[in-house]
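Work out the full structure, taking the sequences as your base and the hints as a guide.
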Amino acid sequence: MSPALNAWLGLIFVVAGAVSVFTMLEIRGRPKLNFSSKTLIMIHRISGYIFVLIYLALVVFMAIKLSKYQVELSPRANIHILLAVAMLPILAIKLLIARIYKKLSGELLFLGVTLFTLGFSLNVTTGGYYLMRNFSGIYVSPTGARSLTDTKCSRCHTLERAYSGVRTKEGWESIVKRMRGFDEEWILGSDVPEIVDYLVRIRGVK
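Anchor point for the sequence shown: position 93 equals 93 in the working numbering, and the numbering is continuous, going up by one each time.
By construction, these hints were calculated from the structure, which means they are not laboratory data. Glycine included, every Cβ here is placed at the ideal spot set by N, Cα and C. Be aware that one or more of the hints could be misleading.
To be verified - Pairs of lysine to aspartate or glutamate residues, derived as DMTMM-like cross-links and limited to a Cα-Cα distance of at most 20 Å, are as follows:
| # | residue 1 | residue 2 |
| --- | --- | --- |
| 1 | Lys169 | Asp191 |
| 2 | Lys65 | Glu184 |
| 3 | Lys94 | Glu26 |
| 4 | Lys38 | Glu26 |
| 5 | Lys169 | Asp197 |
| 6 | Lys65 | Asp197 |
| 7 | Lys177 | Asp197 |
To be verified - Restraint ranges, calculated between C-beta atoms of paired labels, are given here:
| # | residue 1 | residue 2 | range |
| --- | --- | --- | --- |
| 8 | Arg155 | Ile90 | 28 to 34 Å |
| 9 | Leu66 | Val205 | 35 to 41 Å |
| 10 | Arg45 | Arg161 | 42 to 48 Å |
| 11 | Lys103 | Phe61 | 32 to 38 Å |
| 12 | Glu160 | Val124 | 32 to 38 Å |
Here it is as structure tokens:
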């Protein structure tokens, strides 16, 4: 799954969770409803199904990606995994209460809010980061380009190795794109030209 698709699915995921929580608050928290309770319950169920389906899809893609991972995980990736895993037992308990242990239905709102909070945090650490980096339009100065290159290229190996050798622009571009293939969420598409331009300036063939 591309980072862009992952980001947009995450956005839909958060919206579906927000709608699900809001409709439950309306149903349980207001003595007089502006809409019929049946309509709100239907909206709640549909948004809940969307939330669960997207969550399961993202977990599957995350598991596939982790199975191919060849480098050490970043702190952000570890937080992402922790949040995703934490949601699974809470979601399972919520479904069990809704379907079987209905006498405990009073706990559903709390579990729903907890799931939404975790889901929102999960999306901010991934999709939100991607959208901010790709649509902010922030200009990266040479100093910023060096900082970006140091940060992205020091994760898998030393900077001495990263800056070793002299290459053409095409050579540096090929290497950076290959490194991006290991983790497209760490080295974004918008990072590639900035890193390549900086490497060409300091280690490019004249």
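Hint by hint, here is what the structure shows:
| no. | hint | result |
| --- | --- | --- |
| 1 | Lys169 x Asp191 | 15 Å, holds |
| 2 | Lys65 x Glu184 | 10 Å, holds |
| 3 | Lys94 x Glu26 | 19 Å, holds |
| 4 | Lys38 x Glu26 | 12 Å, holds |
| 5 | Lys169 x Asp197 | 8 Å, holds |
| 6 | Lys65 x Asp197 | 29 Å, violated |
| 7 | Lys177 x Asp197 | 13 Å, holds |
| 8 | Arg155 x Ile90: 28 to 34 Å | 31 Å, holds |
| 9 | Leu66 x Val205: 35 to 41 Å | 38 Å, holds |
| 10 | Arg45 x Arg161: 42 to 48 Å | 54 Å, violated |
| 11 | Lys103 x Phe61: 32 to 38 Å | 37 Å, holds |
| 12 | Glu160 x Val124: 32 to 38 Å | 35 Å, holds |
Hints 6 and 10 from the list above are not met by this structure, while the remaining hints are.
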